[in-house]
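Dock chain B against the given chain A, drawing on the hints supplied.
Heads up: the protein sequence lines correspond to chains A and B, in order.
Take 1134 as the starting number for the first sequence in my numbering and just add one per residue.
Take 672 as the starting number for the second sequence in my numbering and just add one per residue.
Treat the hints as calculated values from the structure; they're not laboratory data.
Fair warning: there could be bad hints in the mix.
Unchecked claim - Taking lysine to any residue pairs in the SDA-like style, the calculated list, with each CA pair at most 25 Å apart, reads: (1) B/825 x A/1215; (2) B/825 x A/1155; (3) B/1125 x B/702; (4) B/833 x A/1212; (5) B/825 x A/1207; (6) B/825 x A/1149; (7) A/1226 x B/817; (8) A/1153 x A/1207; (9) A/1222 x A/1171; (10) A/1153 x B/886; (11) A/1226 x A/1145; (12) B/867 x B/1172; (13) B/778 x B/824; (14) B/867 x B/854.
To be verified - A few chain B residues that face chain A, going by a derived Cβ cut-off under 10 Å, partial list only: (15) 836; (16) 840; (17) 844; (18) 851.
As the list claims (entries may be wrong) - Not close to chain B: a few residues of chain A, all C-beta gaps over 12 Å, as computed: (19) 1134; (20) 1137; (21) 1186.
The C-beta atom is built at its ideal place from N, Cα and C for all residues, glycine as well.
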Amino acid sequence: MIGVLYAAGIYMILRRSLVKLILGIIILGNGANLLIFLLGRITKGNPPIIPGDLKVFAEAYADPIPQALILTAIVISFGLQSFAIILIKRVYKVVKTDDIDEMNAIDQDS
Amino acid sequence: MTGQLVIYPLLLQLLLSIILMFSWSRISWQRVITVVGGFINIAVSFWLFAFIWNEGTQTIQAGNWAAPFGITFVADSLSATLVLLTAISGLAVSVFSASSIVAARLKYGYFPIFHFLLLGLNGAFLTGDVFNLYVWFEIIIISSFVLITLGGEKAQLEGAVKYFTLNILASMIFLTAIAVLYGLTGSLNMADLSLKVAAIENRGLVEITGILFLIAFGIKAAVFPLYFWLPDSYHTPPSAVSAIFAGLLTKVGVYALIRFFTLIFVDNAFLQDTILVMAILTLISGGLGALVQNNLRKVFSYLIICHIGFMIIGLGLFTEMAIAGAIFYLIHDIVVKTNLFMVSGLVYRITGTSSIRSLGGLYAQYPLLSLLIAIPLFSLVGIPPLSGFWPKISLITAAFELENWWAIGAILFASLITMVIIAKVWANIVWKDKPELPERSNFRYYEKLTKEGKIQLVAPIIFLSLISLYIGFGAEQVQQLSSRVASELMDRQQYIDAVFKSSQTTKP
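Isolated chain A, as found in the complex (with noise of 0.2 Å):
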């Protein structure tokens, strides 16, 4: 499933128009998010706290680090995610276009 969200994310980039820019920069990070939390080994039902009476983990437990990093990722990605909505809200009133090719009025020298 992360391989789906990274191939539509990737492909919704390499698309002409911009709002299907920034979809695809949300499905990719959506994607990056999940991939963190698969690697930090999904363990069910056993949350890291030491009982009482032994001073290491007795059993396999949650590794609570990449909940940490996810967490950090999507308030993250979310401050991003709204900056890149303003910004081709502007983009096209400025521009008046959503098409990433007609936006070539760097290329003229000035």
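Showing chain B alone in chain A's frame:
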């Protein structure tokens, strides 16, 4: 007191941007605060640098968690040098932007964001934790997005879309790489990773992770197949903004590459060869790209790419001398590139255009200024005794020792092409007769500025030129510094010890 010294540059920048946020609408206050803050920042960074130089690598564990578990901040001499250089170019650019950026832009929080950018840069240089590095990268790119779009002109927005997409893509790849690396090792601390990655049996997976990191940082650093966003976006914002971007943003990518490929992914012939090939192609393609451009700032943008190649090639050769050359080049390049973009801003201010074809006659108008402009231009080429010359000697000697003729050829070719370009730029801007230009209404020409405004434009250029003259004439000291950095980088054990030792002493 000195135990916390490592995070002082970070705290200072955070404090500055918060103070600036509070004086949101008082632009004249903001100007004063940011310049004074810039001086304090240099003092603090120099303090940190001197401390590291005398006492060796310093670390600090966030929340006093022992090393592989908490977030570590590490300042070795590479980080300290880069923090010092960030402070220097930060000060120069903040003085420059005080008069070169129009008030309408300043009103929308230019200075607070600028200090957030410096905060992110310092953080990225000082952190010793992979995920923390990702967070600092995000701080950098968010602030740079705001800086690049501030003003909202058409070309600027179009450049911003490309810049934005590629940088987000790089972040996603970086995140993916972190995920894979965490899955492999279960650790995020760089020193810990260095030990654990070496112990992994499945070398193929390590190589793939290395490649993922290489792509992520390669996009940031603008190396060969991944640089196309840079010349499309760097010339669009005001030149003060592109100065700080050119001087420091791509260098963060280079720093991350150097850090990762000397600490975590080492002794891997495949990765080193890949880096070497990328570096050679970067040198050639950046140089050729610059040759055909006609916009002054686009020429400089391509030159950034070309010169990133010099640093990466040092990393690819991977001997102590080559890395020393790369570090020396990094030091020289940060100062010179910041200066170059400020020069292009000044030229634009004087003539009202930045197209090379319609420039000219600068020498007849301002002979002293032209002399000043000559310093960054010719240090870039590396005409001895100016600063670009010395690192190239180290790099070429290192390549000779390895008998890597391709690398030598690429270095010489890129130097030659830079010289051709600079000669062309110099002849066109300074010596050519002044063509007739239509007078632009509503444009603040240099000669119409107040005396104070002129000083604000020229003083930072003089400041940075003096520093690059120092790098050129005091090359022995800088060489000493970069050899020391290189030997620290090659000796991984010392970094690892520094991280773990401090955690043992601080254990409750």
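Within 25 Å, alpha carbon to alpha carbon, are residue 867 of chain B and residue 1172 of chain B?
Holds. Residue 867 of chain B to residue 1172 of chain B sits at ~17 Å (cutoff 25 Å).
Let me know if the C-beta of residue 840 of chain B comes in closer than 10 Å to any C-beta of chain A, holds or violated.
Nearest chain A Cβ about 7 Å off; hint holds.
Is it correct that the beta-carbon of residue 1137 of chain A has no partner in chain B closer than or equal to 12 Å?
Holds: least Cβ distance 15 Å, greater than 12 Å.
Decide if the proposed pair is consistent with the structure: residue 825 of chain B and residue 1207 of chain A, CA atoms, cutoff 25 Å inclusive.
violated, 31 Å
Does the claim that residue 1134 of chain A lies off the interface hold, with its Cβ farther than 12 Å from every Cβ of chain B?
At roughly 15 Å from the nearest Cβ of chain B, residue 1134 of chain A sits farther out than 12 Å, so the non-interface label holds.
Interface hint outcome for residue 851 of chain B [beta carbon to chain A under 10 Å]
holds, 6 Å
Are residue 833 of chain B and residue 1212 of chain A close enough, with their CA atoms no more than 25 Å apart?
holds, 18 Å
Should the hint that residue 836 of chain B touches chain A count as held when the rule is a Cβ pair under 10 Å?
Residue 836 of chain B check passes; min Cβ-Cβ to chain A is 6 Å, inside 10 Å.
Holds or violated: are the alpha carbons of residue 1226 of chain A and residue 1145 of chain A at most 25 Å from each other?
Distance ~22 Å between residue 1226 of chain A and residue 1145 of chain A Cα, so the pair holds.
Distal placement of residue 1186 of chain A relative to chain B, Cβ over 12 Å
Holds, because the least Cβ-Cβ distance between residue 1186 of chain A and chain B comes to about 22 Å, which exceeds 12 Å.
Hint status (Cβ of residue 844 of chain B to nearest Cβ of chain A, threshold 10 Å):
Since chain A brings a Cβ to about 8 Å from residue 844 of chain B, closer than 10 Å, the hint holds.
Please work out if residue 1153 of chain A and residue 886 of chain B have their alpha carbons no farther apart than 25 Å.
holds, 23 Å
Hints 5 and 9 from the list above are not met by this structure, while the remaining hints are.
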